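Participant: Sequence:
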Amino acid sequence: MTDKNKPVTIAHAQAWYGRADGVVKASMLREVINWMIQNNVRTEFENDSYLDALVLTEIMFDRSNHSIRMFTGPSCEKFLQTLEKTFVDALQRLKANNGKVQILVLADHKPEFLSKLESTFPQTLEIGLGKMREGVKDQIGHFFVCDCKMARIEQPHDPLNDDTPVNAIRAKVYFNAPGPAQLLEARFDAFWNVVHPRKTEIVAALEKVG
54 MTDKNKPVTI AHAQAWYGRA DGVVKASMLR EVINWMIQNN VRTEFENDSY
104 LDALVLTEIM FDRSNHSIRM FTGPSCEKFL QTLEKTFVDA LQRLKANNGK
154 VQILVLADHK PEFLSKLEST FPQTLEIGLG KMREGVKDQI GHFFVCDCKM
204 ARIEQPHDPL NDDTPVNAIR AKVYFNAPGP AQLLEARFDA FWNVVHPRKT
254 EIVAALEKVG
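54 is the number of the first residue of the sequence shown in the numbering used here; add one for each residue after it.
Hints in this document: simulated from the structure, not taken from any laboratory. These numbers were taken from a predicted model, which means no experiment stands behind them. Watch out, some of these pointers could steer you wrong.
[As the list claims (entries may be wrong)] Result set (DSS-like, lysine-lysine): computed pairs, CA atoms no more than 25 Å apart in a straight line: (1) Lys138 / Lys163; (2) Lys163 / Lys131; (3) Lys225 / Lys202; (4) Lys169 / Lys184.
Make a model of the complete structure from these sequences and hints.
Facilitator: In structure tokens, the structure reads:
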């Protein structure tokens, strides 16, 4: 139970997502979205909360077979831990297909959860570290792209923690949309080529892709 006078937080969303009622509701939404994807409908969703982010990201991971590129912050660790089974399944599937998962984290060190997975999937998962100057860090939101046709891009936000309101996360999610996906892939690759394998500023990459 949550205090009705307090906002629902990210911690509440993570707990709810693993409960039976959360699984059922997420499954209903997943069925609708999967039907649209399977019928090649170019689909754009407004991601209005952390819960939306969990559901839509799980669908993207489930449908990924060749590539996942993520540009994210340190709070990605708990997010991916909440989706651990789906994420690990995707890693195993991409490994079998000689695919690649690349995650660029804006942090000083690799999140422990991801570092362990990188050791488990050394030819499949690569983690890079980067940072942005104060003057540009609020100009671009985190994003990720799957298989050149699925993409999710967030509005810039403050650092997240367990007490962050669940509706602090706003994003657009695209399925069957190679146009937006390919643009974000190009942006990610520009960032990746600058920072990997060392930590550095990504201002040069930002200037390259606008």
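Participant: Now look at each hint and say whether the structure bears it out.
Facilitator: To see whether the hints hold, each was checked on the structure:
no. : hint            : in the structure
1   : Lys138 / Lys163 : holds, 20 Å
2   : Lys163 / Lys131 : holds, 13 Å
3   : Lys225 / Lys202 : holds, 14 Å
4   : Lys169 / Lys184 : holds, 22 Å
When each numbered hint is compared with the structure, no violation occurs for any of them.
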